[in-house]
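The task is simple: from the sequences and hints, build the whole structure.
Counting in the working numbering, the sequence shown runs from 22 upward without gaps.
Rather than coming from a laboratory, the hints here were simulated on the basis of the structure.
A couple of the hints might just be wrong.
[To be verified] The calculated label-pair distances, taken between Cβ atoms and stated as ranges, are: (1) 46 / 150: 19 to 25 Å; (2) 38 / 158: 53 to 59 Å; (3) 99 / 158: 23 to 29 Å; (4) 127 / 43: 53 to 59 Å; (5) 113 / 137: 55 to 61 Å; (6) 25 / 50: 46 to 52 Å.
By construction, the Cβ of each residue, glycine as well, lies at the ideal position given by its N, Cα and C atoms.
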Amino acid sequence: MIHREPAVETIPNLAPMVDVVMVILVFFILGATLELTREGAFVTELDARTGPGGGEAIEIIPSIRIGLEDVSAGQSCRAYANGEEIEGGVTGLRALMTRRRSLGADPHSPVVIGAQSGVRWRFVMKAMDACTAAGFDNIQFSVALGS
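Here it is as structure tokens:
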């Protein structure tokens, strides 16, 4: 009987495959842009509320400025909207803001609340609550009186 030796198992050489994978990897790394910005878009720092330059600033999204002024040593306060006194003070502010919303004011336009140093925080919070109850969601606070 003929005695055969067992076949030798050959392990394939993986060096060419590794070379091909590395070449493809280098190709994709060099071909890909790693920047997070879109092509053709410039990063600008322009204020969204103003128009083009060359003259006075044109306000596209008008902001509503609310000013609170101390009356009688913190017991009450006067409220102003864009420089005009609000009838009823802070309690009349909700009706005014609701009226502005019904006339088509953008709920995302900024509402800036400014108070004098003697105004109690409860009046500032009432003004903020009146604005949110009227549907405005971009409420900001100012250090100076927002007249």
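Each hint tested on the structure:
no., hint, verdict
1, 46 / 150: 19 to 25 Å, "violated (58 Å)"
2, 38 / 158: 53 to 59 Å, "holds (58 Å)"
3, 99 / 158: 23 to 29 Å, "holds (26 Å)"
4, 127 / 43: 53 to 59 Å, "holds (56 Å)"
5, 113 / 137: 55 to 61 Å, "violated (18 Å)"
6, 25 / 50: 46 to 52 Å, "holds (51 Å)"
In the structure shown, a violation is registered for the earlier hints numbered 1 and 5, in ascending order.
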